[in-house]
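Enquirer: If you're matching them up, the sequences are chains A and B in order. Quick note: the first sequence, position 74, residue 74 per our numbering, numbers continuous. Here our numbering runs 372 ahead of the position in the second sequence, where the first position is 1.
Among these hints, one or two may not hold up.
[What the hints assert, rightly or not] Pulled from the structure, derived: some chain A residues nowhere near chain B, Cβ distances all over 10 angstroms:
hint: 1; residue: D72
hint: 2; residue: S150
hint: 3; residue: E332
[Unchecked claim] Computed footprint of chain B on chain A, listed as stretches where at least three residues anywhere in the stretch have a Cβ under 8 angstroms from a Cβ of chain B:
hint: 4; region: 189–202
hint: 5; region: 247–260
hint: 6; region: 300–314
hint: 7; region: 360–370
Rather than coming from a laboratory, the hints here were simulated on the basis of the structure. All C-beta atoms in this analysis are idealised placements derived from N, C-alpha and C, irrespective of residue type, glycine included.
Number of protein chains: 2
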Amino acid sequence: MHINKRKKHIRIRINMTNLILVKVLLVITIVFSGLANATGNEKVRWRLAETWGPNFPIFGDTTKNMAKLVKDLSNGRFIIRIDSANRHKSPLGIFDFVKAGQYQMGHSGSYYWKGKDFNTLFFTTIPFGMTTSEQNAWFYHGGGMELMRSVYDKYGIMSFPGGNTGNQMGGWFRKEINTVEDLKGLKMRIPGFAGEVLAKLGAKPTNIPSSELYTALERNTIDALEWVGPSLDLRMGFHKIAPYYYSGWHEPASELQYMVNQKAYDKLPRDLQVILVTAMRLSAYDMYTHSTHESSKNLAAIKQDYPNVKMLTFPKPVMDAIKAANDELLTEFANKDPKTREILDSIQTYQAQARAWTNFSDRAYLDSFSVK
Amino acid sequence: MHINKRKKHIRIRINMTNLILVKVLLVITIVFSGLANATGNEKVRWRLAETWGPNFPIFGDTTKNMAKLVKDLSNGRFIIRIDSANRHKSPLGIFDFVKAGQYQMGHSGSYYWKGKDFNTLFFTTIPFGMTTSEQNAWFYHGGGMELMRSVYDKYGIMSFPGGNTGNQMGGWFRKEINTVEDLKGLKMRIPGFAGEVLAKLGAKPTNIPSSELYTALERNTIDALEWVGPSLDLRMGFHKIAPYYYSGWHEPASELQYMVNQKAYDKLPRDLQVILVTAMRLSAYDMYTHSTHESSKNLAAIKQDYPNVKMLTFPKPVMDAIKAANDELLTEFANKDPKTREILDSIQTYQAQARAWTNFSDRAYLDSFSVK
Numbered sequence: 001m002h003i004n005k006r007k008k009h010i011r012i013r014i015n016m017t018n019l020i021l022v023k024v025l026l027v028i029t030i031v032f033s034g035l036a037n038a039t040g041n042e043k044v045r046w047r048l049a050e051t052w053g054p055n056f057p058i059f060g061d062t063t064k065n066m067a068k069l070v071k072d073l074s075n076g077r078f079i080i081r082i083d084s085a086n087r088h089k090s091p092l093g094i095f096d097f098v099k100a101g102q103y104q105m106g107h108s109g110s111y112y113w114k115g116k117d118f119n120t121l122f123f124t125t126i127p128f129g130m131t132t133s134e135q136n137a138w139f140y141h142g143g144g145m146e147l148m149r150s151v152y153d154k155y156g157i158m159s160f161p162g163g164n165t166g167n168q169m170g171g172w173f174r175k176e177i178n179t180v181e182d183l184k185g186l187k188m189r190i191p192g193f194a195g196e197v198l199a200k201l202g203a204k205p206t207n208i209p210s211s212e213l214y215t216a217l218e219r220n221t222i223d224a225l226e227w228v229g230p231s232l233d234l235r236m237g238f239h240k241i242a243p244y245y246y247s248g249w250h251e252p253a254s255e256l257q258y259m260v261n262q263k264a265y266d267k268l269p270r271d272l273q274v275i276l277v278t279a280m281r282l283s284a285y286d287m288y289t290h291s292t293h294e295s296s297k298n299l300a301a302i303k304q305d306y307p308n309v310k311m312l313t314f315p316k317p318v319m320d321a322i323k324a325a326n327d328e329l330l331t332e333f334a335n336k337d338p339k340t341r342e343i344l345d346s347i348q349t350y351q352a353q354a355r356a357w358t359n360f361s362d363r364a365y366l367d368s369f370s371v372k
Numbered sequence: 373m374h375i376n377k378r379k380k381h382i383r384i385r386i387n388m389t390n391l392i393l394v395k396v397l398l399v400i401t402i403v404f405s406g407l408a409n410a411t412g413n414e415k416v417r418w419r420l421a422e423t424w425g426p427n428f429p430i431f432g433d434t435t436k437n438m439a440k441l442v443k444d445l446s447n448g449r450f451i452i453r454i455d456s457a458n459r460h461k462s463p464l465g466i467f468d469f470v471k472a473g474q475y476q477m478g479h480s481g482s483y484y485w486k487g488k489d490f491n492t493l494f495f496t497t498i499p500f501g502m503t504t505s506e507q508n509a510w511f512y513h514g515g516g517m518e519l520m521r522s523v524y525d526k527y528g529i530m531s532f533p534g535g536n537t538g539n540q541m542g543g544w545f546r547k548e549i550n551t552v553e554d555l556k557g558l559k560m561r562i563p564g565f566a567g568e569v570l571a572k573l574g575a576k577p578t579n580i581p582s583s584e585l586y587t588a589l590e591r592n593t594i595d596a597l598e599w600v601g602p603s604l605d606l607r608m609g610f611h612k613i614a615p616y617y618y619s620g621w622h623e624p625a626s627e628l629q630y631m632v633n634q635k636a637y638d639k640l641p642r643d644l645q646v647i648l649v650t651a652m653r654l655s656a657y658d659m660y661t662h663s664t665h666e667s668s669k670n671l672a673a674i675k676q677d678y679p680n681v682k683m684l685t686f687p688k689p690v691m692d693a694i695k696a697a698n699d700e701l702l703t704e705f706a707n708k709d710p711k712t713r714e715i716l717d718s719i720q721t722y723q724a725q726a727r728a729w730t731n732f733s734d735r736a737y738l739d740s741f742s743v744k
């Protein structure tokens, strides 16, 4: 009994010691879990839907680079899975996916949404608009981001620059364009805004799926087409059948677009928000650098392998006529909606100021000597 | 005795139980510390020395943006303190600071180190060299980063693009330059490479501290000077006393430089390495965008407030003479050192390819219409 009593007493002491240790253990566990939570050790998994097919060059590299950067910057806490068009089956469904939160984010082009909201048209590029460096300055210092937000806010979508192709070419033509008359009746694959401009001059703009473009051009279903620039045109093979390659006017600085569902963004811890925005912005800048490299390289390859291809600029009267038709169209747009006018005023005012600088700096420089 | 024996036995059991708990506790502590370390909960504190004085516009914003981004991306785990020239007292000591590890990183310009290693000269810009977008493509896709590494590796320094000013202007002149003869005896503040080029044509290049430039120009100690471009020239007031502003040739795309001590970098956890490199690269891109904006705005301000200022480009014979003198100098450089030749070959080959694209894209576009 005495023994038993002592034993019981000792048992209690054991339990007390254990209890203290368990408590210490718990406190330490909580403290370390707290620290782990403060840096967000819980994993965030997002999905991005992109307009492009799988392994689409440059555009697809941009989303892959962004997702990898997000993963690395967050030390694996933020994982973004990319669904290309082959998976989600809706290349032009990205806006709706992100709006509904079905995908937390998307990669596409703002001007694809003009049927949903006409004012989305102006955040990719406009004919006779800004160059890439001018447009970046407008986005980040000239009120462009704020205007874009004012258009996208009502859909619960945040929109960000998503990478620039650089100046897109005027297109591949089977015949040389010498006068404005040559545009009349010209069957050309040139969708959207630019197509409307050429239609004013009598051209017959059409849209044809990319997979059918080469055959359409080869079989004279169309007389001309525009695609992107050497960076993406080379692999399409148009230079083999349409030897007149014209410099650009209609998409001087096409900026792709990241879209983010606002509610999903708001739920992210602050550091993952910064990581996401940083990775989008850097991958967008990098895409322009990548595009510049690929276009340079591929233009050299076309020149080397297809010396019969002529690289031309439309004659001045043709360019003047296109510009006049474009100005007319912009005025029509601005007269329809005060928001459109506000955006166009901002673009045109900024462009005039930035272009004076571009002319005195890079343009004067480029004109002052030639590279051997 | 029996009791004592039992007691002893029980004591041992207590100790065993405690030991197990202590072990469990230790394991848990180590695991959580490990997790904390993996996400780097310990704070890393670095110091950056910059060539610029405190609150220097644009350049100083770039380092501040970089340090803030590092802090935000790391959720406060990586803090970089910036020491401007007023603190470290050695604007051109940055290379040595970083080499010695006295500062983990620096912000300056690669061409300042040509006295230490001549081949550092070519990673900022060269006269008649690439534009900013061409040069970015060279750095990141054309072998530029690899060449820069091959020059800096032996000093234990990592070098990265640190922000571009864009095309720098030819300078402010008190008299118009009409012929090559007008350059003879011209006293001009134009340091370095470009000064050597003009000296070949009979000019008297000098270097004068920035604080004395205005007075030197006003008192005819010098006839002309180059500084940066409208982004930074406006606040210097040169337009009030030297009404001829010439477009640029000698620094078409001056890229500032981040330097990082290799050993300090190697000690960073992987995620902080990615965070640092990302913040440097993004802040560098952003600086070019910022410079474009500030130059546009300030050029407009100069035009508005000083309508007597004439914005000119050197006449073709003058530009041709400068270009020829420059080519001669580059050949002399290349003949001195195989590494110099390797770098210049890379730049010139890449530039020729990239310029063909720039000419067919942005230049043709800029030439094809005028902005009202």
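Enquirer: Each hint needs a verdict: does it hold in this structure or not?
Expert: Tested hints:
1. D72: It is violated; D72(A) is separated from chain B by about 4 angstroms at its closest Cβ, not greater than 10 angstroms.
2. S150: holds, 20 angstroms
3. E332: holds, 18 angstroms
4. 189–202: The restraint on the region 189–202 of chain A is violated, since only 0 of its residues have a Cβ under 8 angstroms from chain B and three are required.
5. 247–260: holds (count 4)
6. 300–314: holds (count 5)
7. 360–370: It holds: at least three residues are needed, and the region 360–370 of chain A offers 10 whose Cβ sits within less than 8 angstroms of chain B.
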